[in-house]
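Given the sequences, and given the hints that come with them, work out the whole structure.
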Amino acid sequence: MFGEKVSKKFTEKKLKEIKTVLTVKSVTDYLEKLKLEENKFYDSFSYGSLERYKEWLKQKGLFFL
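Counting from 1, position 2 in the sequence shown corresponds to residue 1 in numbering that gives the first Met the number 0; the numbering is continuous, with no gaps.
In short, the hints are calculated from the structure, not lab data. Every value quoted in this text rests on a predicted model; they were computed, and no experiment measured them. Where is the CB? At the ideal position from N, CA and C, for every residue including glycine. Treat each hint with caution, since some may be false.
[Said to hold, decoys possible] BS3-like mimics (lysine-lysine), calculated; alpha carbons at most 27 Å apart, straight line:
{"#": "1", "residue 1": "LYS15", "residue 2": "LYS32"}
{"#": "2", "residue 1": "LYS8", "residue 2": "LYS34"}
{"#": "3", "residue 1": "LYS7", "residue 2": "LYS34"}
[Claimed, not checked] For each label pair, taking beta carbons as the anchor points, the in silico distance ranges come out as:
{"#": "4", "residue 1": "LYS7", "residue 2": "ARG51", "range": "48 to 58 Å"}
{"#": "5", "residue 1": "GLY60", "residue 2": "LYS8", "range": "48 to 58 Å"}
{"#": "6", "residue 1": "LYS15", "residue 2": "LYS53", "range": "45 to 55 Å"}
{"#": "7", "residue 1": "LEU30", "residue 2": "THR10", "range": "23 to 33 Å"}
Now the structure itself:
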């Protein structure tokens, strides 16, 4: 019985937090952040490092498609 009260309060609190976080602006900001991180990843992954990565995979017995 005590656990039910605690979990209900906890759930209500979490739902309020989620509702405040999921505004249109926060979602678009989050998507923009993901896009920036993805671009940084590709920029830092130069052709030379990609070739070294392929070689490493071959040595491990894996193949890069």
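Subject >> Broken hints, by number >> reply: Of the numbered hints, 2, 3 do not hold.
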